[in-house]
Amino acid sequence: MIYQLAHNIISPLGFSSEANYLAVKSGKTNICLHENEFGLPEPFMGSVIDNEILDNEFSKINHSNTRYTKFEKMAILSVFYALQNTSIKTNDSSVQFVLSTTKGNVHLLENLNGFESNRIHLWKSAKIIAEFFKNENEPIIISNACISGAAAQITALRTLQSNNIQTVIVVGADMLSKFIVSGFQSFKALAPELCKPYDKNRVGLNLGEAAATIIYGKTNDSLPANSIELVSGAMANDANHISGPSRTGAGLYLAIKKAMQTIQPEQIAFVNAHGTATAYNDDMESLALTSAGLQNRPINSLKAYFGHTLGAAGVLESIISSLAIIDNTALKTNNLQERGTVAPINSLMQNQACTEDYFMKVLSGFGGSNAALLFKKTR
Amino acid sequence: MEELILELKKEIIEVLNLEEITPEDIDTDAPLFGEGLGLDSIDALELMMLMQKNYGIKVDNSEKGKEIFKSIRVMAEFISNNRTK
Amino acid sequence: MKLGIESYCRITNNSVIVNDNSIEIPREQSWLTDIYHAAKISYPKFFKMDNLAKCGFLGSELVLQSIDIDKTTPKENIAVVCCNRSSSLDDDTAYQKTIQNNDDYFPSPAVFVYTLANIVTGEISIRNKTMGESAFYVMEQFNPQKFCSFAESAFLDSTIDACICGWVEFFDGNCDVLFTYITRNPKNNKELNIENLHTLYNL
Numbered sequence: 001m002i003y004q005l006a007h008n009i010i011s012p013l014g015f016s017s018e019a020n021y022l023a024v025k026s027g028k029t030n031i032c033l034h035e036n037e038f039g040l041p042e043p044f045m046g047s048v049i050d051n052e053i054l055d056n057e058f059s060k061i062n063h064s065n066t067r068y069t070k071f072e073k074m075a076i077l078s079v080f081y082a083l084q085n086t087s088i089k090t091n092d093s094s095v096q097f098v099l100s101t102t103k104g105n106v107h108l109l110e111n112l113n114g115f116e117s118n119r120i121h122l123w124k125s126a127k128i129i130a131e132f133f134k135n136e137n138e139p140i141i142i143s144n145a146c147i148s149g150a151a152a153q154i155t156a157l158r159t160l161q162s163n164n165i166q167t168v169i170v171v172g173a174d175m176l177s178k179f180i181v182s183g184f185q186s187f188k189a190l191a192p193e194l195c196k197p198y199d200k201n202r203v204g205l206n207l208g209e210a211a212a213t214i215i216y217g218k219t220n221d222s223l224p225a226n227s228i229e230l231v232s233g234a235m236a237n238d239a240n241h242i243s244g245p246s247r248t249g250a251g252l253y254l255a256i257k258k259a260m261q262t263i264q265p266e267q268i269a270f271v272n273a274h275g276t277a278t279a280y281n282d283d284m285e286s287l288a289l290t291s292a293g294l295q296n297r298p299i300n301s302l303k304a305y306f307g308h309t310l311g312a313a314g315v316l317e318s319i320i321s322s323l324a325i326i327d328n329t330a331l332k333t334n335n336l337q338e339r340g341t342v343a344p345i346n347s348l349m350q351n352q353a354c355t356e357d358y359f360m361k362v363l364s365g366f367g368g369s370n371a372a373l374l375f376k377k378t379r
Numbered sequence: 001m002e003e004l005i006l007e008l009k010k011e012i013i014e015v016l017n018l019e020e021i022t023p024e025d026i027d028t029d030a031p032l033f034g035e036g037l038g039l040d041s042i043d044a045l046e047l048m049m050l051m052q053k054n055y056g057i058k059v060d061n062s063e064k065g066k067e068i069f070k071s072i073r074v075m076a077e078f079i080s081n082n083r084t085k
Numbered sequence: 001m002k003l004g005i006e007s008y009c010r011i012t013n014n015s016v017i018v019n020d021n022s023i024e025i026p027r028e029q030s031w032l033t034d035i036y037h038a039a040k041i042s043y044p045k046f047f048k049m050d051n052l053a054k055c056g057f058l059g060s061e062l063v064l065q066s067i068d069i070d071k072t073t074p075k076e077n078i079a080v081v082c083c084n085r086s087s088s089l090d091d092d093t094a095y096q097k098t099i100q101n102n103d104d105y106f107p108s109p110a111v112f113v114y115t116l117a118n119i120v121t122g123e124i125s126i127r128n129k130t131m132g133e134s135a136f137y138v139m140e141q142f143n144p145q146k147f148c149s150f151a152e153s154a155f156l157d158s159t160i161d162a163c164i165c166g167w168v169e170f171f172d173g174n175c176d177v178l179f180t181y182i183t184r185n186p187k188n189n190k191e192l193n194i195e196n197l198h199t200l201y202n203l
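Residue numbers (my numbering), protein chains in the order written: chain A, 1 to 379; chain B, 1 to 85; chain C, 1 to 203.
The hints are simulated quantities; they were obtained by calculation from the structure and are not laboratory data. Accuracy of the hints is not assured; some may be wrong.
Straight-line C-alpha distance at most 25 Å; calculated PhoX-like pairs for lysine-lysine [to be verified]:
no.: 1; chain 1: A; residue 1: LYS28; chain 2: A; residue 2: LYS218
no.: 2; chain 1: A; residue 1: LYS89; chain 2: A; residue 2: LYS127
no.: 3; chain 1: B; residue 1: LYS10; chain 2: C; residue 2: LYS187
no.: 4; chain 1: A; residue 1: LYS218; chain 2: C; residue 2: LYS146
no.: 5; chain 1: B; residue 1: LYS64; chain 2: A; residue 2: LYS188
no.: 6; chain 1: C; residue 1: LYS97; chain 2: B; residue 2: LYS85
no.: 7; chain 1: A; residue 1: LYS89; chain 2: C; residue 2: LYS146
no.: 8; chain 1: B; residue 1: LYS58; chain 2: C; residue 2: LYS97
no.: 9; chain 1: C; residue 1: LYS45; chain 2: B; residue 2: LYS66
no.: 10; chain 1: A; residue 1: LYS257; chain 2: A; residue 2: LYS377
no.: 11; chain 1: C; residue 1: LYS97; chain 2: A; residue 2: LYS70
no.: 12; chain 1: C; residue 1: LYS2; chain 2: C; residue 2: LYS75
no.: 13; chain 1: C; residue 1: LYS75; chain 2: A; residue 2: LYS257
no.: 14; chain 1: A; residue 1: LYS188; chain 2: C; residue 2: LYS2
no.: 15; chain 1: A; residue 1: LYS188; chain 2: C; residue 2: LYS45
no.: 16; chain 1: B; residue 1: LYS10; chain 2: C; residue 2: LYS146
no.: 17; chain 1: B; residue 1: LYS66; chain 2: B; residue 2: LYS85
no.: 18; chain 1: A; residue 1: LYS188; chain 2: B; residue 2: LYS58
no.: 19; chain 1: A; residue 1: LYS377; chain 2: A; residue 2: LYS25
no.: 20; chain 1: C; residue 1: LYS45; chain 2: B; residue 2: LYS70
no.: 21; chain 1: C; residue 1: LYS45; chain 2: C; residue 2: LYS129
Based on the sequences and whatever the hints tell you, model everything.
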């Protein structure tokens, strides 16, 4: 069995998984209007980590002279906190790092800010992160657009199943910059207000910054109560368009079908879906979830709490959902006022109790990629 | 107007990388999107940017875009009525 | 896991080799466009792609020329896996130029979309209608052992029968491409292993 040993979330809502979960459960968000941020000519709604708070926390754990970028600080801090209260020796060769990110240090293209030019490369940044923890295995780096965080967990699952690796540290992170925000603006993909996943009046997404870590281990013994097992994970491609979601949901349906092989829809407590709040993504998901027979299960999106956190999203949202199922709670979709997807789905407008043991996490993204993860809570 | 139409065709071919298509191949009154040129949603966004960059016209949403990009002629008429550069 | 390389293609700055045959490329325009024409491909979308996607597209086209995937394998059972060193940095640099100065600030959506490295796996999937998993990995340099493990990872999905798997690097005007078509039951004797990959990469 592959299961979660520990985890952490660094976001504007807090620097621990628990703080983030409690904030979400009580309906909080730090998504707000940012004007003149990153030198952008136009404002945007987003969830941005305060540099001062981050630097302050980071200075408590960094005792070297090495300089780190915001992206690296977020990732390192998240892994560091996740490791606390575990006995994992990260310098051991049985520990493997997996980094999930879409753009890493791409902001350095605008201004290197004293860093060497190769710091823009993802492999360099990943190496710097692993080196902080004195880990010598070459990190595995996944850059699979918005599904990166799910793809990284699938890699963890497979690495542990087929290898002499005992522990996989999955860290997902992305920071916002002029580069990323301007690109989404050019796509007319951003909402001018708090995003409304699955809502009739949704007009686009919000972007968010976060780093999130899940440490996976394996065991043949039975797990203690309230452990979270990663049962299966699968990916599929739409083969339809490089940026537009499929009009049928065929790719996502295929990924869900593969991940759900061993169980029935009734066994699923909730589906934590992607729910970016763009018109096409949410419609596509509603079709795929319906094809998979999941349209009546509780469904939520966490995007109106954190924004779309890109490479962190799959990891972050898996953690929040893990804490929710342990808390016997299916979380609501924040800011959903009137349901309105092409296929009607049971997107939750209030937190509600749940009793089933499984939950599913799904993600879709540019490049036509789709992923589904199935998790199980131990009784 | 004919001059602007030709200019637009050349610009569209260049900015959308329509290799192997010449201005003569583009029907001034045919729908820009749909079968003919094989344009997609990214091309529509790129045309919105072209409107702003070359003519100082801000097209903010895709609904408006759909109207303006009906055909080269519609686009040219809209530009000549609204251009700021 | 025993897997085989059924077909391969190697593209560098000045040579194209497909399954042990060196392909002559008449030089007229840019290198990648010349390869496109020499391979007699007709796919206008090629000209909209960034250099990385062009490299991946050409590598996959050449690798599949000798294979009739429409007949051999259901499209849901074919994965597309790519890896490289520089992610999408070539296109990232191009996009940065469109936003660098606020006086000349026109962020291009058509350039931005290729700033995600995995778009290349999307382009290959769209072209071939393959719906198996698609994944993009980054590593410091071509490492045959990692390449093998990324390909094997795709086959750990039991529905996958074949994988279009490529190293696809384009940065600073240099292209470095090795594409393979990997199956569970190869029709020749080229096993997917470190030694064979090392040989193909150094052709």
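Hint check results:
| no. | hint | in the structure |
| --- | --- | --- |
| 1 | A:LYS28 x A:LYS218 | violated, 34 Å |
| 2 | A:LYS89 x A:LYS127 | holds, 17 Å |
| 3 | B:LYS10 x C:LYS187 | violated, 50 Å |
| 4 | A:LYS218 x C:LYS146 | holds, 22 Å |
| 5 | B:LYS64 x A:LYS188 | holds, 13 Å |
| 6 | C:LYS97 x B:LYS85 | holds, 22 Å |
| 7 | A:LYS89 x C:LYS146 | holds, 24 Å |
| 8 | B:LYS58 x C:LYS97 | holds, 21 Å |
| 9 | C:LYS45 x B:LYS66 | holds, 22 Å |
| 10 | A:LYS257 x A:LYS377 | holds, 20 Å |
| 11 | C:LYS97 x A:LYS70 | holds, 23 Å |
| 12 | C:LYS2 x C:LYS75 | holds, 22 Å |
| 13 | C:LYS75 x A:LYS257 | holds, 16 Å |
| 14 | A:LYS188 x C:LYS2 | violated, 47 Å |
| 15 | A:LYS188 x C:LYS45 | holds, 22 Å |
| 16 | B:LYS10 x C:LYS146 | violated, 46 Å |
| 17 | B:LYS66 x B:LYS85 | holds, 22 Å |
| 18 | A:LYS188 x B:LYS58 | holds, 12 Å |
| 19 | A:LYS377 x A:LYS25 | holds, 19 Å |
| 20 | C:LYS45 x B:LYS70 | holds, 22 Å |
| 21 | C:LYS45 x C:LYS129 | holds, 15 Å |
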